[in-house]
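*Asks:* On the provided structure of chain A, position chain B as indicated by the hints.
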Amino acid sequence: MRWAVVQFPGSNCDQDCLYLLQEVLKQEAYYVWHKDSDLKNADGIVLPGGFSYGDYLRCGAIAKLSPVMKSVVQAANEGKIVVGICNGFQVLCESGLLPGALIRNKNLKFRCHQQLIRVENTKTRFTSKYESQAVLNLPIAHGEGSYFADPSTLKSIAQNKQILFRYCSEEGSITDFSNPNGACENIAGICNTKGNVLGLMPHPERAAESALGCVDGLGIFQSIINGS
Amino acid sequence: MKATIIVTPKKSVLDPQGEAVKNAIHQQGMDCVTHARIGKIIELDISGTDVTLTRQKLEKIALEVLSNPVIEDFRIELE
Numbered sequence: 053m054r055w056a057v058v059q060f061p062g063s064n065c066d067q068d069c070l071y072l073l074q075e076v077l078k079q080e081a082y083y084v085w086h087k088d089s090d091l092k093n094a095d096g097i098v099l100p101g102g103f104s105y106g107d108y109l110r111c112g113a114i115a116k117l118s119p120v121m122k123s124v125v126q127a128a129n130e131g132k133i134v135v136g137i138c139n140g141f142q143v144l145c146e147s148g149l150l151p152g153a154l155i156r157n158k159n160l161k162f163r164c165h166q167q168l169i170r171v172e173n174t175k176t177r178f179t180s181k182y183e184s185q186a187v188l189n190l191p192i193a194h195g196e197g198s199y200f201a202d203p204s205t206l207k208s209i210a211q212n213k214q215i216l217f218r219y220c221s222e223e224g225s226i227t228d229f230s231n232p233n234g235a236c237e238n239i240a241g242i243c244n245t246k247g248n249v250l251g252l253m254p255h256p257e258r259a260a261e262s263a264l265g266c267v268d269g270l271g272i273f274q275s276i277i278n279g280s
Numbered sequence: 063m064k065a066t067i068i069v070t071p072k073k074s075v076l077d078p079q080g081e082a083v084k085n086a087i088h089q090q091g092m093d094c095v096t097h098a099r100i101g102k103i104i105e106l107d108i109s110g111t112d113v114t115l116t117r118q119k120l121e122k123i124a125l126e127v128l129s130n131p132v133i134e135d136f137r138i139e140l141e
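Chains A and B, in that order, give the protein sequences. When we follow this note's numbering, the leftmost residue of the first sequence carries the number 53, and every step to the right adds one. When we follow this note's numbering, the leftmost residue of the second sequence carries the number 63, and every step to the right adds one.
Treat the hints loosely; a few may be bogus.
[Unchecked claim] With a Cα cut of at most 16 Å, we get these calculated EDC-like pairs of lysine to aspartate or glutamate:
hint : chain 1 : residue 1 : chain 2 : residue 2
1    : A       : Lys158    : B       : Glu126
2    : B       : Lys119    : B       : Asp107
3    : B       : Lys72     : A       : Asp95
4    : A       : Lys122    : B       : Glu81
5    : B       : Lys102    : A       : Asp107
6    : A       : Lys122    : A       : Asp88
7    : B       : Lys119    : B       : Asp93
8    : B       : Lys122    : B       : Asp93
9    : A       : Lys132    : A       : Asp95
10   : B       : Lys73     : A       : Asp202
11   : A       : Lys78     : A       : Asp68
12   : B       : Lys102    : B       : Asp135
13   : A       : Lys161    : A       : Glu196
14   : A       : Lys161    : B       : Glu126
15   : B       : Lys72     : B       : Asp107
16   : A       : Lys158    : A       : Glu196
17   : A       : Lys158    : A       : Asp68
18   : A       : Lys92     : A       : Glu130
[Unchecked claim] Pairwise CB distance ranges, derived in the manner of DEER restraints:
hint : chain 1 : residue 1 : chain 2 : residue 2 : range
19   : A       : Gln74     : B       : Glu139    : 49 to 55 Å
20   : A       : His165    : B       : Gln89     : 24 to 30 Å
21   : A       : Tyr71     : B       : Gly110    : 46 to 52 Å
22   : B       : Gln79     : A       : Glu222    : 28 to 34 Å
23   : B       : Thr111    : A       : Ser180    : 58 to 64 Å
[Unchecked claim] Derived coverage of chain A by chain B (criterion: at least 3 residues anywhere in the stretch with Cβ under 8 Å from a Cβ of chain B; other residues may be distant):
hint : segment
24   : 152-164
25   : 199-211
No lab work stands behind these hints, which were simulated from the structure alone. C-beta atoms are modelled at their ideal positions from N, C-alpha and C, and glycine is treated no differently.
Bound conformation, chain A alone (with noise of 0.2 Å):
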């Protein structure tokens, strides 16, 4: 597959999203910069995380409107594959690509530690990888990560199957205690109607290697290159 990473002024986790696809999955990957609208016909999109715009007005509220977002809502019209991670999810929101909103985590604290989360969907090209229910642990780091939607919106997306993670604790049980940002149902990442367009607050580029200690992003993108 050929993948653009896209680079919004502020990404920072542009590098992790690159060495990722070329060093450890042997992809076809290069940046696009924001002001470019040419995806040189990539198959696969990533938004990466960091804090584009410096997270002015609203996170990801400034980078839905730069150039290189119109060519990535046609690709995903298309049927191309988008995963937006953690900034990048907050900037599929905002450009309409995916409901809902990701607001201030609701104890007002920056979380940044690693955390359970669960894979409620494995019918999914972005999970067909995983076992059904499976526990994953991967590293968040986020301010404004809470996922909020209205009651409609909620229920829409339950029975659309598109909750695609949820926190967790360690025996895989959705609770309060191992929600760490408030989100609405524990919801960690979602995908839309048509299944092509992933967003998710945790990192699952910082779990893609075993010298970092732990492996369980990578079935993300497995799931999707196998399924290519």
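*Replies:* Okay, now just chain B, sitting in the frame of chain A:
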């Protein structure tokens, strides 16, 4: 013309900053404050003299850039 756009979180959205500020006010001994919500003010200088047209432009700006309609409301003051 000068426009002031006030953006506030929707009442249905948890506002932890507002809660923290309310608690801080209570710590000052002023428990008469029952709710606090934190929003933002954006001041714009906008060219043009037609009030109706200007308001329409400001609505578009407020909806597409200054606020996220999923979680925020806005109101426009124009002078």
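*Asks:* Each hint: holds or not?
*Replies:* A quick look at each hint next to the structure:
1. For the given pair, A/Lys158 sits about 26 Å from B/Glu126 by alpha-carbon distance, which is inconsistent with the 16 Å threshold.
2. As the CA atoms of B/Lys119 and B/Asp107 are separated by approximately 12 Å, the hinted pair is consistent with the 16 Å bound.
3. About 38 Å separates the Cα atoms of B/Lys72 and A/Asp95, which puts this hinted pair outside 16 Å; it is violated.
4. Under the criterion of a C-alpha separation no larger than 16 Å, the hint pairing A/Lys122 with B/Glu81 is inconsistent with the structure, at around 37 Å.
5. Of the pairs offered as hints, the one joining B/Lys102 and A/Asp107 holds, with about 14 Å between alpha carbons and a cut-off of 16 Å not exceeded.
6. Distance hint between A/Lys122 and A/Asp88 is fulfilled; the C-alpha atoms sit about 10 Å from each other, no more than 16 Å.
7. Of the pairs offered as hints, the one joining B/Lys119 and B/Asp93 is violated, with about 41 Å between alpha carbons and a cut-off of 16 Å exceeded.
8. Pair hint B/Lys122 plus B/Asp93 does not hold up; C-alpha atoms about 39 Å apart against a cutoff of 16 Å.
9. Proximity of A/Lys132 to A/Asp95 is assessed by CA-CA distance (about 6 Å); at most 16 Å being required, the pair is judged to hold.
10. In summary, the hint linking B/Lys73 to A/Asp202 is supported, as the alpha carbons are separated by about 12 Å, within the 16 Å threshold.
11. Distance hint between A/Lys78 and A/Asp68 is fulfilled; the C-alpha atoms sit about 14 Å from each other, no more than 16 Å.
12. Simply put, B/Lys102 and B/Asp135 have alpha-carbon atoms about 11 Å apart, close enough for the 16 Å limit, and the pair holds.
13. Restraint check for A/Lys161 and A/Glu196: the C-alpha separation of about 9 Å stays at or below 16 Å, so the hint holds.
14. For the given pair, A/Lys161 sits about 29 Å from B/Glu126 by alpha-carbon distance, which is inconsistent with the 16 Å threshold.
15. As the CA atoms of B/Lys72 and B/Asp107 are separated by approximately 26 Å, the hinted pair breaks the 16 Å bound.
16. With a C-alpha separation of about 9 Å, the suggested pair A/Lys158 and A/Glu196 falls inside the 16 Å cut-off, and the hint holds.
17. Straight-line distance between C-alpha atoms of A/Lys158 and A/Asp68 comes to about 28 Å, which puts the hinted pair past the 16 Å bound.
18. A hinted pair counts as satisfied when its Cα atoms are at most 16 Å apart, and A/Lys92 with A/Glu130 qualifies at roughly 14 Å.
19. Take A/Gln74 and B/Glu139: their Cβ atoms lie about 52 Å apart, and the range 49 to 55 Å holds.
20. Between A/His165 and B/Gln89 the Cβ separation comes to about 29 Å, which falls inside the hinted range of 24 to 30 Å.
21. Taking 46 to 52 Å as the suggested C-beta distance range, the pair A/Tyr71 and B/Gly110 conforms, at roughly 50 Å.
22. For B/Gln79 and A/Glu222, the Cβ-Cβ distance of about 31 Å falls inside the hinted range of 28 to 34 Å, so the restraint holds.
23. A hinted range of 58 to 64 Å for the beta carbons of B/Thr111 and A/Ser180 is consistent with their spacing of about 60 Å.
24. With 8 residues bearing a CB less than 8 Å from a CB of chain B, the segment 152-164 of chain A meets the requirement of three and the coverage assertion stands.
25. Judged by the Cβ-Cβ criterion of 8 Å, the segment 199-211 of chain A is covered by chain B as claimed, because 3 of its residues qualify and three suffice.
The structure shown violates the earlier hints numbered 1, 3, 4, 7, 8, 14, 15 and 17.
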